[in-house]
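With the hints as constraints, model all of the structure from the sequences given.
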Amino acid sequence: MQTAQGNAVQQLAAEAASEYLTFTLGSESYGIDILKVQEIRGYDCVTRIANTPLFIKGVINLRGVIVPIIDLRIKFNVGEATYHEFTVVIIINVLNKVVGIVVDGVSDVVALPAQSIKPPPELGASLDTRYITGLGTLNDEMLILVDIEKLIGSDELQIVESAVEDTQKGAVNQ
Amino acid sequence: MNRAAANSKGTGMTTPTGEKSSVDLNRFNEVFFEECAENLAEMEQILISLGDREPDHEEMNAIFRAAHSIKGGAGIFGFQDMTVVTHVMESLLDRLRNRETPFVPAMIDLFLEAGDAIAMQLAWHREGKAVDQEAIDRVRAKLQQAIEAGAPALEPPVEPEQGSPAPHEEELLPRRCRLAFTPDPEIFARGIRMESIISELTELAEPGEFACSARLMELPDLPELDPERCITCWEFTLLTRASREQVLDVFMFVADEEQLTIEEEPVDRRGPAEEPAPEETLLAPAGRRAYDSSEAAPGAFGRRGGEAESSIRVNVTKVDQLVNEVGELLITQAMLSQIVAGLDPVLHQALQRGLTQLERNTRDLQASVMSIRLVPISIVFNRFPRLVREMAAKLGKQVELKTVGESTELDRGLIERIADPLGHLVRNALDHGLESPERRVSCGKSPVGTLQLSASQVGGRIVVDVTDDGAGLNRGKILAKAVECGIPCSESMSDEEVWQLIFAPGFSTASEVTDLSGRGVGMDVVLKNVQAIGGRVQIASEAGRGARFTISLPLTLAILEGLSVAVGAEKFIIPLNVVLESLQPTAEQLKSVNGREVVQVRGEYLPILKLHRIFNLEAEVTEPQLGILVLVDADGERGAIMVDALLDEQQVVVKSIETNYRRVEGSAGATILGDGRVALILDIPELFTMHKRL
Chain C
-6 MQTAQGNAVQ QLAAEAASEY LTFTLGSESY GIDILKVQEI RGYDCVTRIA NTPLFIKGVI
54 NLRGVIVPII DLRIKFNVGE ATYHEFTVVI IINVLNKVVG IVVDGVSDVV ALPAQSIKPP
114 PELGASLDTR YITGLGTLND EMLILVDIEK LIGSDELQIV ESAVEDTQKG AVNQ
Chain D
981 MNRAAANSKG TGMTTPTGEK SSVDLNRFNE VFFEECAENL AEMEQILISL GDREPDHEEM
1041 NAIFRAAHSI KGGAGIFGFQ DMTVVTHVME SLLDRLRNRE TPFVPAMIDL FLEAGDAIAM
1101 QLAWHREGKA VDQEAIDRVR AKLQQAIEAG APALEPPVEP EQGSPAPHEE ELLPRRCRLA
1161 FTPDPEIFAR GIRMESIISE LTELAEPGEF ACSARLMELP DLPELDPERC ITCWEFTLLT
1221 RASREQVLDV FMFVADEEQL TIEEEPVDRR GPAEEPAPEE TLLAPAGRRA YDSSEAAPGA
1281 FGRRGGEAES SIRVNVTKVD QLVNEVGELL ITQAMLSQIV AGLDPVLHQA LQRGLTQLER
1341 NTRDLQASVM SIRLVPISIV FNRFPRLVRE MAAKLGKQVE LKTVGESTEL DRGLIERIAD
1401 PLGHLVRNAL DHGLESPERR VSCGKSPVGT LQLSASQVGG RIVVDVTDDG AGLNRGKILA
1461 KAVECGIPCS ESMSDEEVWQ LIFAPGFSTA SEVTDLSGRG VGMDVVLKNV QAIGGRVQIA
1521 SEAGRGARFT ISLPLTLAIL EGLSVAVGAE KFIIPLNVVL ESLQPTAEQL KSVNGREVVQ
1581 VRGEYLPILK LHRIFNLEAE VTEPQLGILV LVDADGERGA IMVDALLDEQ QVVVKSIETN
1641 YRRVEGSAGA TILGDGRVAL ILDIPELFTM HKRL
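Those sequence lines, one after another, are chains C and D. Under the working numbering, read the first sequence as residues -6 to 167, first letter to last. Under the working numbering, read the second sequence as residues 981 to 1674, first letter to last.
Take these hints with a grain of salt, some might be off.
[Claimed, not checked] If you anchor each label on the Cβ, the simulated ranges turn out as follows: (1) D:1598 to C:151: 17 to 27 Å; (2) C:112 to D:1351: 50 to 60 Å; (3) D:1351 to C:56: 16 to 26 Å; (4) C:99 to D:1298: 27 to 37 Å; (5) C:107 to D:1665: 49 to 59 Å; (6) D:1018 to C:112: 18 to 28 Å; (7) D:1312 to C:99: 18 to 28 Å; (8) C:151 to D:1113: 44 to 54 Å.
By construction, these hints were calculated from the structure, which means they are not laboratory data. In this text the structure is predicted, and so the values were computed from the model without any measurement. Quick reminder that beta carbons are idealized off the backbone N, C-alpha and C, glycines included.
See below:
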């Protein structure tokens, strides 16, 4: 029910204008669907997990729930992976998982009309084009729109145990 | 249930959007399934408790009520196939209740069988399991037969609750009822509509024998008149054959007692009420409304509102969420305590006192919340009377089942997982343990064997015993079988060690495979299942006197006794049940075998598992003699885990990492420490595997 409603809301929004949360990784601006974002918090107290790729920083306690933290800057080689009091974690909720992603900073929530979103070029950003839904323009600045659900569900990130199975389930649910 | 029918009908009328209501209905289906399963269980429990005795009035009504609720619910939710068996069953029950059909003990088995048929249909609707239609038809035919056997063939057994003259004739005689109803002014705000009350009453009344009048109680001045307040009172006059309860049922949830008065006067102008019955059948054709209007099922409808609600149905996830949130509260409280500990006690005395109070309150709260998850073990024990009854009949043995300590509570998650192992032990005791009556008599024992299930709480664990007074385990037979199966053993083993042999995979002493037990996949599965929930199985046996299987379980899966240890900046939890001891080794104790470090403890060489190497951490201590070795024993495999320091022994709440991430090798979950940080709980067997790979 809830997802059905969520989808309906999404569809409505897509017809008019979708809202995106924009954030920066190094010098590039990215945007993700605001509906996938649960909350934004500071970076602290990460418990390391052994024998995981470098970009998996570990897990945190989010009000009693264990949430993995991924540093997209390490994964996509953008910017410098530094951690200070301004480092921000975006908690997203996709594929029935709650995951935190570390970014350099959160900028704004913007509404982009569907017609202003252009298809991604073949080789544009550091991010693989598979995970890019399009490029938006905002105040003459380019915004890379990320398909965060696809990214989190991908084999590359190894967050979802069997990525294929889960995306199939997701498709059925939709 | 009945009320739900009326309501769903009501919404159907006001919002004729079929799609919407079907979505809503799906949500209610689950409620029906659960209720149906509960009703079936209740019915079975009563039937079993009867033995071969005839049910008394109360029990009969309880069985009837269960069958009736299932049928009513099935009708409302559109599972017409489920109403078929229940309907015939209900008819038979009704006849029994009215003493039109004499009770015979075989009926209990028949009702049990019918219950199974309904359960099968339920499983089909719920989980899509296959239905054996033949079995259902068979049960139905048998029930029908029982009805016909008891009653002369003068009346067709269709809708007997209407067609048959019941002995309580005064209930069925038409009476004139005068109802005065003074609703409270807020009645409309509660969403109650007078027209639905009127239409329900109309259906209770004899055709054309209903009158209704309304009058104003007060007439406020126009500026004060609130159209949403009810200022009318009502008078209904009807000629009805319905019982007083049925009339009252119409006003259930509508009126308090003082708002309603009923005057009844019998009307003599008609004879015994056979004549109008067909009319009514026409008016209310078989279907859902038939229940509402014309069925004398005392208590069936009043159950919801009448009995004080002693329990509520809550989704488990909500409880888990509550447990989580209380866990968070504990952490926050621990954090506050840490801060306050750094303050000057003289200046902040009041704060400290308040905090102590808070600490006590949060602990109490945690205990209460944890207890929500606890359920009595009777839920599991109640499954066995039937199993024992049927198995004893099949095996030709006489068995008395005793249960002790049914009210012992344990975690809901454990209850579900203890049922299978217990069932196995019970079957084993019946099949292999208890002897046949002749054999028992020849051994000088009573022909009736005793099987006792008992549960109790001993310290922090729950102990469940399955005791039988049968032949006991046969040492010679077990050893011979072990040799046959190629399980290492010797004559010199102690009894305890011999009993442990039956837990080996593929072990079974039953000379032939029966459908009850003895496929040889028994005891090892029992042991595995029990171990999976942190339990142990012990056996005590005496030849000729019987055997006792003892399962001991932790109180809950959600909490674990752990030893917190530090390695570098990280903290880990070692489950306390695997910890043997911890020590700081001397240089003489440390040896090297094949380049692997081992420690010699009391003549035993144990491999040293360096956590910092397994988990690639930067540890403060890399040399065993400077650190601490925690000796562990997991499934018989022993080792020494090397850590920087021991921190604390504490109860931790087990959290899943897999919810939002994948499985982490070497960890059995995670927990949140007092400072709000996450610590991994170590999975010792997996650590051994990881260590061997290094």
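> Hint by hint, which ones does the structure fall short of?
Replying inline: 6
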